[in-house]
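Residue numbers (our numbering), protein chains in the order written: chain V, 14 to 138; chain L, 170 to 641.
Where hints are given, some of them may not hold.
Said to hold, decoys possible - The list that follows gives simulated cross-link-like pairs (lysine to aspartate or glutamate, EDC-like), each with its CA atoms no further than 20 Å apart:
hint, chain 1, residue 1, chain 2, residue 2
1, V, Lys121, L, Asp463
2, V, Lys69, L, Glu234
3, V, Lys121, L, Glu574
Stated by the list, open to error - Derived CB-CB ranges, DEER-like:
hint, chain 1, residue 1, chain 2, residue 2, range
4, V, Ser105, L, Leu254, 33 to 41 Å
5, L, Lys363, V, Val112, 37 to 45 Å
6, V, Gln129, L, Lys600, 30 to 38 Å
7, L, Ala580, V, Ala32, 26 to 34 Å
8, V, Ser90, L, Asn608, 43 to 51 Å
9, V, Glu29, L, Lys482, 46 to 54 Å
10, V, Val112, L, Met481, 32 to 40 Å
11, L, Glu211, V, Glu77, 26 to 34 Å
Keep in mind the hints are simulated off the structure, nothing from the lab. Backbone N, C-alpha and C fix where the C-beta goes; we use that ideal spot for every residue, glycine too.
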Amino acid sequence: MKHVHDGFVDISDLREANAIITNRLDVNADSCNLLVSGKMFTDEAVLLTCAQLNSKGIRSHVAEQDDHVRIELQLPSLTEEEKKAIVSEFMSDLVLNQVRVATNEQFKGIRDTLYQAAFLPVMKR
Amino acid sequence: MMPQYMLLPFQFGPINGSMLLTNDCGEFIILNQDAFDSFVSENLNTQSDDYLNLKSKFFLCSPHELSSVIDLMAIRLRTKKAHLLDFTALHMIVPTIACNGNCVYCQASSRKDTEAKAIMTRQTADAVVSMIMKSPNEYLKIEFQGGEPLLAFPVVRYIIETSFKQALLHNKRIQYVVCTNLQMVTAKQLKFFKKYQVQISTSLDGPKLLHNLNRPVHSGEDSYELFTENLRLARSILGNESISALLTITRASLSMYKEIVDAYVDLGFHSLFFRCLNPFGRADPMSSISYNVDEFIEDYLNALDYIIDVNMKGYRLVEEFAAILLRKILTPFSTGFVDLQSPAGAGISCALYNYDGEVYASDEGRMLHEMGDDAFRLGSVRTDQYQDIFNSASIHNIIADSVAESSLDCAYCVFLPYCGTDPVRNWLNGKSFAKTCCNDERCRRLRSTFERLFALLGDQDAFPVLLDWSCT
Chain V
14 MKHVHDGFVD ISDLREANAI ITNRLDVNAD SCNLLVSGKM FTDEAVLLTC
64 AQLNSKGIRS HVAEQDDHVR IELQLPSLTE EEKKAIVSEF MSDLVLNQVR
114 VATNEQFKGI RDTLYQAAFL PVMKR
Chain L
170 MMPQYMLLPF QFGPINGSML LTNDCGEFII LNQDAFDSFV SENLNTQSDD
220 YLNLKSKFFL CSPHELSSVI DLMAIRLRTK KAHLLDFTAL HMIVPTIACN
270 GNCVYCQASS RKDTEAKAIM TRQTADAVVS MIMKSPNEYL KIEFQGGEPL
320 LAFPVVRYII ETSFKQALLH NKRIQYVVCT NLQMVTAKQL KFFKKYQVQI
370 STSLDGPKLL HNLNRPVHSG EDSYELFTEN LRLARSILGN ESISALLTIT
420 RASLSMYKEI VDAYVDLGFH SLFFRCLNPF GRADPMSSIS YNVDEFIEDY
470 LNALDYIIDV NMKGYRLVEE FAAILLRKIL TPFSTGFVDL QSPAGAGISC
520 ALYNYDGEVY ASDEGRMLHE MGDDAFRLGS VRTDQYQDIF NSASIHNIIA
570 DSVAESSLDC AYCVFLPYCG TDPVRNWLNG KSFAKTCCND ERCRRLRSTF
620 ERLFALLGDQ DAFPVLLDWS CT
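If we strip away everything but chain V, and leave its shape as in the complex, we get:
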């Protein structure tokens, strides 16, 4: 299993990772460990995804190692289906968040200008 390292599933290839998690997720384990290449996903995207998951009540632990980020999703007291759904959702959210983080960087300046153009004339009124 070239996509599994020290118990961490490498999600650089999402399709492969999904297959591994679907087939090999340990239903008795309280956590699911994912490995993310820093070249594929930025720290911001990983942290945003973890924060979103955290606000849904799912805790996670993130650690950097070399060019990778290790993510431990805490999944106690969940059924097998629930665990798989959360991990699958985490991975698809990570992909979307990567786009969100990248585009948001571009949008900051435009948004500042837009909101000033919209509301400064009114505030001066």
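Let chain V serve as the given structure and place chain L on it in line with the hints.
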């Protein structure tokens, strides 16, 4: 090579296998995954329909056009947020908390009319009207809530007459609404309402059995019969268009959406508003009348389909909550619906004046006060000046914390341009005006409704109905 276009700010999220994109102007577009990938990687064919649609809806522009495009977007954004510009429009007055009704879900913590003597005095009413007239908004709405306002009809009449006169002096226009269960309305009262073009907002929970179960009266009389009898009287004096109704869903109402909708049609209503229980007063989430949010969502979405079907068969019936969302999605305009604004409407779009002169940021804020929590109390008309109340630290805190755009959960939500947080619910959930809890019940209910509406907008049969609702 320089990209031929640049991206403008947008949110996005998957919907039905495609990607829904929205932006601060309130525009939306649905792209397939390939087109979305091309769009964000700035590789979209500039001759394609997707490119032209995205450009016309301010999702992209040529770099040299940015300045003029931002000016256009600013006008659209200002129009979308127009509710912020004129300050508080909706002024709710509770002339008494006494009530002749005994609704199983009473959220207002009303008291039996023979027990509660609390009625607003004329002195307090004068101070309330004076405070309302200080609002910078030219267009005001005064809404009487309860309790049952008609138990304090002399005060209601006094406030309407006084505010009507003062509005002429202050160059304001006022629309009046009385929220009443119609159980004790008289022809004399209705003729007074006609003179001042007062709108009636009432409640009908469905067919007789359900209505009587949910909305009994203390006297033990047949609540439904009294309601229908006085509805006829009210319509004969005010006309059908001046009376609207809404309903509250209890556990007993679940799965009865067809009977409920049919009851509205049978009584000649052309609109209805499906409301879930608010977790205040008797509507405790743990009570026997309660249900979980998923049960409500399923029931509501089924009802929505049924109501659309009723419309397609030729009877115009608007589901008002969906109509509010559709106005936000399909028109460039702001809505006056204070529960779904960013920043929240509490205090800046609405305020509530209790019978004792206490001012709250919203009706739910007063409900919270009845439960012993004064987090949303802004002051008192008897002791505080306008600036003390409406420019208070309390309002500043509520508003600053209720900007959905700055909430982690909402900032990236594709429905953000049409949504808003509810500081009272946030306070109930986590003692914070800000949204700290992701995917809470309110959020799930709203997301499910938005998802269904966007799916229905792609349905050729349903679209004309939804477009019609958005124009009401």
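Confirm or reject the claim that Lys363/L and Val112/V have a C-beta distance inside 37 to 45 Å.
Given about 57 Å between the Cβ atoms, the range is violated.
Take a look at whether the Cβ-Cβ distance between Ala580/L and Ala32/V falls inside 26 to 34 Å.
holds (33 Å)
Against the 20 Å threshold, does the CA-CA distance of Lys121/V and Asp463/L hold or violate the hint?
With Cα atoms ~36 Å apart, Lys121/V and Asp463/L exceed 20 Å; violated.
Is 43 to 51 Å right for how far apart the beta carbons of Ser90/V and Asn608/L are?
Once the Cβ atoms are compared, 18 Å apart, the range 43 to 51 Å for Asn608/L and Ser90/V is violated.
Given the proposed pairing of Lys121/V with Glu574/L, does the C-alpha separation stay at or below 20 Å?
holds (13 Å)
Verify the CB-CB distance for Ser105/V and Leu254/L against the hinted window 33 to 41 Å.
holds (39 Å)
That 46 to 54 Å hint for Glu29/V and Lys482/L (C-beta), does it hold up?
Once the Cβ atoms are compared, 51 Å apart, the range 46 to 54 Å for Lys482/L and Glu29/V holds.
Is the hinted pair Lys69/V and Glu234/L satisfied, with a Cα-Cα distance of at most 20 Å?
violated (41 Å)
A range of 30 to 38 Å was offered for this pair. Does it hold for the Cβ distance of Gln129/V and Lys600/L?
holds (34 Å)
Do the Cβ positions of Val112/V and Met481/L conform to the proposed distance bound of 32 to 40 Å?
Since the Cβ atoms of Val112/V and Met481/L sit about 38 Å apart, the hinted range of 32 to 40 Å holds.
In this structure, is the beta-carbon distance linking Glu211/L and Glu77/V contained in 26 to 34 Å?
holds (30 Å)
Hint check: violations occur at hints 1, 2, 5 and 8; the rest are consistent with the structure.
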